[in-house]
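Q: Chains as they are written, first to last, in our numbering: chain A, 1 to 225; chain F, 226 to 673.
Calculated from the structure, these hints are not laboratory results.
Take these hints with a grain of salt, some might be off.
[Claimed, not checked] To be clear about the criterion: a stretch of chain A counts as covered by chain F if any three or more of its residues have a C-beta under 8 Å from a C-beta of chain F, and this derived list gives those stretches: (1) 25-35; (2) 92-105.
[As the list claims (entries may be wrong)] One-sided and incomplete, this derived list gives chain A residues near chain F with beta-carbon spacing under 8 Å: (3) K22; (4) A80; (5) D157; (6) R168; (7) P169; (8) T171; (9) M173; (10) W180; (11) Y192; (12) R217; (13) S218; (14) V219.
C-beta: ideal position from N, C-alpha, C; glycine also.
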Amino acid sequence: MKVLIVEDERSIAYEMEAFLKKAFYLCDLAHTAKQALEKMEENQYSFILLDLGLPDKDGLLLLQEARKNYPDASCIILSARGQLEDRIRGLNLGADDYLPKPFSLLELQSRMQAVIRRKFGLQESSVVIGDFRVDLNKRLVIYNEETEIELSKKEFDLLNYLLLHKNRPITRMQLSEHIWGSFSDDDYDSNYIDVHIKNIRKKLSAWSSVEWLQTVRSVGYKVKI
Amino acid sequence: MKLFTKLTLFITLSKLAIVILFVWLLPVLVNRIAYQYNDYYLKEQKRKVLNVVGKSGIDAYLQGEPSYGSYTMLKEEYISLEPAGKTVPVDTIATLRRVVEGDTLTYRVLSHTFSHHNRNYILEVGKTTATIDEYNQPLQRMALYVLIALMVSTIVIDLVYTRLLLRPLATIIRNRLLNARFPFRETSPPIKTSTTDFRYLDDSLTELMGKVRDAFEKEREFTSNASHELMTPISILQSKTENLMIEEELPEAIQKKILDMMKTLNRLKKIVHSLLLISRIENNQFPRSDSFNIKELVQEVTDELEHRLQEQQLAFHLQLSGKVVLTGLNHDLIFQLVYNLLNNAIRYNKPGGQVIIRENYTPGKPYQLIIGDTGIGIPAHEIGTIFQRFKKVEKNENEGYGLGLSIVHTIATYHDIAIEVSSQPGAGTEFTLSFPLPAPASGYKRFI
Chain A
1 MKVLIVEDER SIAYEMEAFL KKAFYLCDLA HTAKQALEKM EENQYSFILL DLGLPDKDGL
61 LLLQEARKNY PDASCIILSA RGQLEDRIRG LNLGADDYLP KPFSLLELQS RMQAVIRRKF
121 GLQESSVVIG DFRVDLNKRL VIYNEETEIE LSKKEFDLLN YLLLHKNRPI TRMQLSEHIW
181 GSFSDDDYDS NYIDVHIKNI RKKLSAWSSV EWLQTVRSVG YKVKI
Chain F
226 MKLFTKLTLF ITLSKLAIVI LFVWLLPVLV NRIAYQYNDY YLKEQKRKVL NVVGKSGIDA
286 YLQGEPSYGS YTMLKEEYIS LEPAGKTVPV DTIATLRRVV EGDTLTYRVL SHTFSHHNRN
346 YILEVGKTTA TIDEYNQPLQ RMALYVLIAL MVSTIVIDLV YTRLLLRPLA TIIRNRLLNA
406 RFPFRETSPP IKTSTTDFRY LDDSLTELMG KVRDAFEKER EFTSNASHEL MTPISILQSK
466 TENLMIEEEL PEAIQKKILD MMKTLNRLKK IVHSLLLISR IENNQFPRSD SFNIKELVQE
526 VTDELEHRLQ EQQLAFHLQL SGKVVLTGLN HDLIFQLVYN LLNNAIRYNK PGGQVIIREN
586 YTPGKPYQLI IGDTGIGIPA HEIGTIFQRF KKVEKNENEG YGLGLSIVHT IATYHDIAIE
646 VSSQPGAGTE FTLSFPLPAP ASGYKRFI
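Throw the hints in and build the complete structure from the sequences for me.
A: What follows is the structure, given as C-alpha cells:
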C-alpha cells in the first residue's frame, strides 16, 4: 500500500516513514505542496497524510486539489492547528480523518486501518489469534468458531489496539491514551490498564491459552504472533 | 457609606445644628435688640425734654410746681422732673421698680441729672418692661419661620446640586468598575463632565484598563504562540521515542528509559495542551450557545472516570434531579470543568472515601452544582492560590496537576460561573459552581 507523506518538518516525516515501513507500507515523502503535486501525478497512492502548515500553500487547498484529481486516495489531515473549525473544514473538504499534532504514530496507523476498513468494505474484518478469532464487526472474540466470548467495550478496544500493533511493545500510557483520548490521566502507573488486561486474560483463558498476550516488564503489553 | 449619603447627612446635620443654635440664642438676641432700641428711644425722649427746657425754660414743665410727672393712660410710659438737691449727678439707664398710683410696675428707667439756672433737676423717662417685651414673641417666631424656610430651601438646593455634581462619579463607577469585565475588551466612551477631578479619574481608569488589557493580550498571545511553537518539537520527539520503543531486541533497561522519556514528553504535551486551551478560551474561540441537561453531562463525565472511582474504591453519590437544563454554555468546556473537578475529587480522596455531586436549585436563583469529596482537603492558606497557574498545593507523587484548576477557573470566568471553595484539611473539599441566571440581568443594580 503506497503512502504519500506531505510534511514540511523533515524529522517528523522521516519518523513517520520509518514507522509505516515497519508496518509494510511503501512511503514517499514530500516537503512542499509543489513536490506533493508532482508525486501525486507520478504515482498512485492509497493514502495521503497531509500536514496543513506547508510553506508554499495552504494544506486545505492542496487537499481540495487532491480530492478532485485523485479521488481514490484516502486523506488524513495532520495539523498542529487542532481547532474545531479546521477539523470541520478539513472533513468537509473530503478528508477521511483528522489527527491533531502531536499525535502518536500508533494512533496514526490505527486511524489508517480504520479508514481502510471503512473504504474497502469489511473483508478483513476478523483477525485470527491463537485459538481465537476476533470479529471486528460484531466486536466479539470467537473460540473455535462456535463459542462467542463477550468483552466490555474498553477491553475489546484494548485487545484490538494490541492486535493492530502486534509484535510491538505498547506502553500503558499509549494504551490509556487510545482508550481515554485526551482525558487519559497523568498517573500512568495506576493499574487500570492492568485490570482490563487481567479481565481479558481471565475471560479468554477459560477456553484456551492466551500466551500470545504478553506482559512487557515495566513497559506494558504486546501481542506476539 | 456612599459619598452622596455622607454629603446629604452632613448638609442636613450642619444646618440642623445652626437652627438649634439660633433657636437657643434667639430670645437673648431679640431681647437685647429690644432693649437697645428702647434705650435709644429713652435717650431720644431725654433729648427732646432737654431741648424743650433749653428753649422754653424749666417752667414749661413745672409751671410753678416743685415737680412734674406725666404718664400714659395704661402707665406704660412715664416722665418725671424733680429737683435733685445736692446729690451726686446720675446719668443711667436701669431696670427699676416704680410705684405709679398704687401699682408697682417694672420700668426701664433713664435717670439724668441736669442743672438749670444753678438748680439741679433729675429727669426720669421710663417705659414698662412688659411693653418692651411685647414684640419679642412674634418677632422670635417670625425669625424662626424665616430661618427654617431658608434652611429647607438651601438643603433642597444643596442636595439637587450635589446630586448633579456627583452624577459623573456614578457613571464612572458603573461604566468603568461595575460593568467593565476583565479583560476590558469593550471600552465605553469618555464620561461627560466639566469637573476636572472626575475627568482625571475617568481618564486614569481608562488608561489603567488599557494597560491591563495590553498586558493581558500580550500574555495571551505569548501563551498561544509559545504553545503552537512547542507542538512541533514535541511531535518530533514523540515520533522518535515511539520508533525507538518498537526497536527489536531492546534491553529492558533501555526500554525503561525510553518509557520514562515518553512519560515526561507526555507531561510536556499535556501542559502545552492545557495552556493552549486556556488561551483559546481567553480568545473567545468557544461559542457559548449550547443547552443541555446538567445531569446528563455529569453522567457523561462520570462514565469517563468510572474506572478511577472503582480503582480507588470510592462511593459515588449523584444527587441531581435531572430536570435542570442549562443554557448559553459551551458543552465541551463545561464537560472539561466538571471533569477536572471530579478528577480532583477522586485523586485527592482517601481509599473508601466518598464523592458527592449535588445541586441547589430554587427557581429565580442561580443554579448551584456542588462537587464534594471526603479527601485530604486544602489548608486554608492555600485556598486563595489554587486557581493560579502552576501553583502546586503540595508536592506529592502525582504529577502534572498544575493547570487543572486554572482551566476550571478560566472556563468558569468565561461563562460567568462563580466558584466557591470550602475545605477542611483531612475532612474534604467542596466546590460550589453558581451558574448565571439564563436571562442576563439587563442592568446592574442602580447606583445612587
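Q: Please check whether R168 of chain A passes as an interface residue: C-beta within 8 Å of a C-beta belonging to chain F.
A: holds, 4 Å
Q: Given a cut of 8 Å on the nearest C-beta pair, is the interface hint for T171 of chain A held or broken against chain F?
A: holds, 6 Å
Q: Taking 8 Å as the limit, does the beta-carbon of K22 of chain A come near enough to a beta-carbon in chain F?
A: Holds: closest Cβ of chain F sits about 7 Å from K22 of chain A, inside 8 Å.
Q: Given a cut of 8 Å on the nearest C-beta pair, is the interface hint for M173 of chain A held or broken against chain F?
A: This hint holds: M173 of chain A lies near chain F, its Cβ roughly 6 Å from the closest one there, short of 8 Å.
Q: Just to be careful: measuring from the Cβ of D157 of chain A to every Cβ in chain F, is the smallest value less than 8 Å?
A: Violated. Min distance 13 Å.
Q: Taking 8 Å as the limit, does the beta-carbon of W180 of chain A come near enough to a beta-carbon in chain F?
A: It holds, given that the least Cβ distance between W180 of chain A and chain F is near 7 Å, below 8 Å.
Q: Cut-off 8 Å, C-beta pairs, minimum 3 residues; does the coverage of the stretch 92-105 of chain A by chain F stand?
A: n = 5 at 8 Å, threshold three: holds.
Q: Interface hint check: P169 of chain A, Cβ to nearest Cβ on chain F, cutoff 8 Å. Holds or violated?
A: Given a least distance of 6 Å, the restraint on P169 of chain A holds.
Q: For the hint on A80 of chain A, just tell me whether its beta-carbon gets within less than 8 Å of chain F.
A: Hint on A80 of chain A: holds, closest Cβ of chain F at ~4 Å, below 8 Å.
Q: Does the CB of Y192 of chain A sit less than 8 Å away from some CB of chain F?
A: holds, 5 Å
Q: State whether the coverage of the stretch 25-35 of chain A by chain F holds or is violated, taking the criterion as 3 or more residues with Cβ-Cβ distances under 8 Å.
A: This one is violated; 0 residues, fewer than the three required, reach chain F with a Cβ under 8 Å.
Q: Let me know if the C-beta of R217 of chain A comes in closer than 8 Å to any C-beta of chain F, holds or violated.
A: Holds, because the Cβ-Cβ distance from R217 of chain A to chain F comes to roughly 6 Å (cut-off 8 Å).
Violation of the numbered hints given earlier is confined to hints 1, 5; the remaining hints are satisfied by the structure.
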